[in-house]
Structures are given as C-alpha cells and as structure tokens.
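Engineer: Chains C and D supply the protein sequences, listed in that same order.
114 is the number that our numbering gives the last residue of the first sequence; the numbers go up by one with no jumps.
155 is the number that our numbering gives the last residue of the second sequence; the numbers go up by one with no jumps.
Note that these hints are calculated values from the structure, not bench results.
Every residue, glycine too, gets a C-beta built ideally from N, C-alpha and C.
Some hints could be false.
To give an idea of the chain C side of the interface with chain D (calculated C-beta under 10 Å), a few residues [unchecked claim]:
no., residue
1, Ser-33
2, Gln-46
3, Glu-50
4, Phe-52
Below, a list of computed lysine-lysine pairs in the PhoX-like style, where the Cα atoms sit at most 25 Å apart [stated by the list, open to error]:
no., chain 1, residue 1, chain 2, residue 2
5, D, Lys-85, D, Lys-142
6, D, Lys-85, D, Lys-104
7, C, Lys-59, D, Lys-97
8, D, Lys-142, C, Lys-59
9, D, Lys-142, D, Lys-104
10, D, Lys-97, D, Lys-85
Next come the chains, spelled out residue by residue.
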Amino acid sequence: KAGVTQTPRYLIKTRGQQVTLSCSPISGHRSVSWYQQTPGQGLQFLFEYFSETQRNKGNFPGRFSGRQFSNSRSEMNVSTLELGDSALYLCASSGSVPYEQYFGPGTRLTVT
Amino acid sequence: AQSVTQPDIHITVSEGASLELRCNYSYGATPYLFWYVQSPGQGLQLLLKYFSGDTLVQGIKGFEAEFKRSQSSFNLRKPSVHWSDAAEYFCAAYTIVYAGGTSYGKLTFGQGTILTVHP
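Given only the sequences and the hints, what does the whole structure look like? Please build it.
Structural biologist: Written out as structure tokens, the structure is:
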C-alpha cells in the first residue's frame with residue numbers, strides 16, 4: 003500500500019496570504035489528523051476528520067480550518083498567514099485501529 | 037493535566053553503545069503508548085506501540101521499550117546504536133476523551149529527544 007502523501011512538500015508564502023495544504027491517506031483509511039510542528043512548541047494537534055466530519059479540534063485560532071472529501075482526502079487551509087505559522091505541517095491517517103496513526107512526510111511552510 | 041514528558045532534549049552516544057531514551061506520562065488511566073522517530077525533513081515513523089499485556093515490546097530497527105506502570109514510564113532502548121539511528125525520537129500517548137456526549141481519541145506527543153551518534 004502507498005503511504006500517506008502530502009502536497010506540496012514546500013511552500014513559501016507572504017504574511018497575510020492564505021494557503022491550502024493537501025493530504026491523501028493510506029487507501030482504506032477514513033480518519034485524517036493534522037499536526038503543526040515547530041521548534042518551540044513541538045508537535046501540536048490541529049484537527050481530525052472522519053467520514054467528512056470534523057471529529058476533534060485542537061487549540062488553534064479560526065484561521066486554521068480543514069475539510070475532508072468523500073474519498074478521504076483532506077485539505078487544511080490557513081488564512082491571513084502570520085510569521086508564526088511557519089512550521090512543518092504533518093498529516094496522519096488511521097484505519098480500523100484509530101490509535102495507530104501513520105504520518106506523511108509533511109509540508110514545510112515558510113511565511114515571510 | 038494529561039501530558040507526556042521526555043526529560044532529555046539531546047542525547048549523544050557513541051556508535052555501538054547502548055541507548056535509553058526516557059518517557060513519562062501523566063494520565064489517570066494507562067494510555068496507549070507509542071514511540072516515533074523522525075529523520076531531518078521527514079515525517080514520523082512508528083517504531084513500536086504498547087496497548088496492554090507484556091510490558092516489554094519489540095519494535096522495528098532493533099528497538100524495544102518497557103512499560104512500567106509504577107513509574108508511569110515507557111522508556112525506549114537499543115542495545116547497540118548505529119550511526120543511522122541519529123534522529124529525533126518522540127514518545128506519544130493516545131487517550132479517549134469523553135465530552136458532550138461523544139468520545140474521541142487524542143494523540144499527545146512529548147517534546148522529543150534528539151539523538152546524536154558519534155563514530
């Protein structure tokens with residue numbers, strides 16, 4: 003089986019812009035979770051989607067949003083980018099064993 | 037508050053030496069416990085997991101971890117480190133949260149331990 007894929011791998015955006023990141027889960031997995039990783043805050047949970055519904059949400063401002071499509075692919079959107087949004091954004095999918103998450107390679111977002 | 041703590045931010049060992057990375061958790065009940073490894077610029081790879089039963093679990097790449105309930109610890113070990121093991125290691129705990137009549141799972145990570153291997 004192919005692993006979790008994330009596109010694009012690298013992004014450079016300007017403060018105030020918005021950005022959309024994409025995640026394709028492992029085939030058959032219906033749950034997709036997103037995490038933000040920064041040197042200062044470590045790995046922080048953003049949100050989880052299951053069957054096109056947001057099931058869980060971390061403590062991030064409303065500028066961070068996401069959605070999931072019927073094929074389980076997920077996107078996350080960050081509006082009005084701030085310098086502090088520069089981070090590695092990781093996506094993870096899980097299947098019938100919800101606590102066993104498999105991670106993608108991440109999208110490195112740099113905000114200038 | 038529920039948390040996962042990795043006391044060591046950075047550990048340096050010589051190639052061929054043994055390794056132990058520490059992890060402590062703070063939860064009311066025993067969570068599901070995991071160790072992940074992350075190479076520079078890469079995502080997280082699952083090394084091993086503990087759900088219940090035998091407290092010594094074996095993982096990939098020659099790693100093992102021991103769950104000790106009395107110490108709320110889940111330390112990662114390897115008897116002989118290879119240069120390719122240099123990476124950042126994360127301990128994580130998965131718990132079920134009940135809120136508003138529903139339940140959902142939550143994976144919480146420690147801050148990570150950077151492993152440097154000297155030749």
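Engineer: Confirm or reject each hint.
Structural biologist: Hints versus structure:
Given hint, C:Ser-33 at the interface with chain D, holds; its Cβ is 9 Å from that chain's nearest Cβ, closer than 10 Å. The beta carbon of C:Gln-46 is positioned within 10 Å of a beta carbon in chain D (closest approach about 8 Å), and the interface hint is therefore held. A hinted interface residue such as C:Glu-50 counts as satisfied when its beta carbon comes closer than 10 Å to some beta carbon of chain D; here the least separation is about 7 Å, so the hint holds. Evaluation of the C:Phe-52 hint against chain D yields a held restraint, the C-beta minimum of about 9 Å falling below 10 Å.
Pair hint D:Lys-85 plus D:Lys-142 holds up; C-alpha atoms about 15 Å apart against a cutoff of 25 Å. For the hint pairing D:Lys-85 with D:Lys-104, the CA-to-CA distance comes to about 14 Å; that is within 25 Å, so the pair holds. Using a Cα cut-off of 25 Å, the hinted pair C:Lys-59 and D:Lys-97 is violated, with the two alpha carbons roughly 33 Å apart. Annotation: proposed proximity of D:Lys-142 to C:Lys-59 holds, straight-line Cα distance about 10 Å (limit 25 Å).
Between D:Lys-142 and D:Lys-104 the alpha-carbon distance is near 22 Å, which keeps this suggested pair within the 25 Å criterion. About 14 Å separates the Cα atoms of D:Lys-97 and D:Lys-85, which keeps this hinted pair within 25 Å; it holds.
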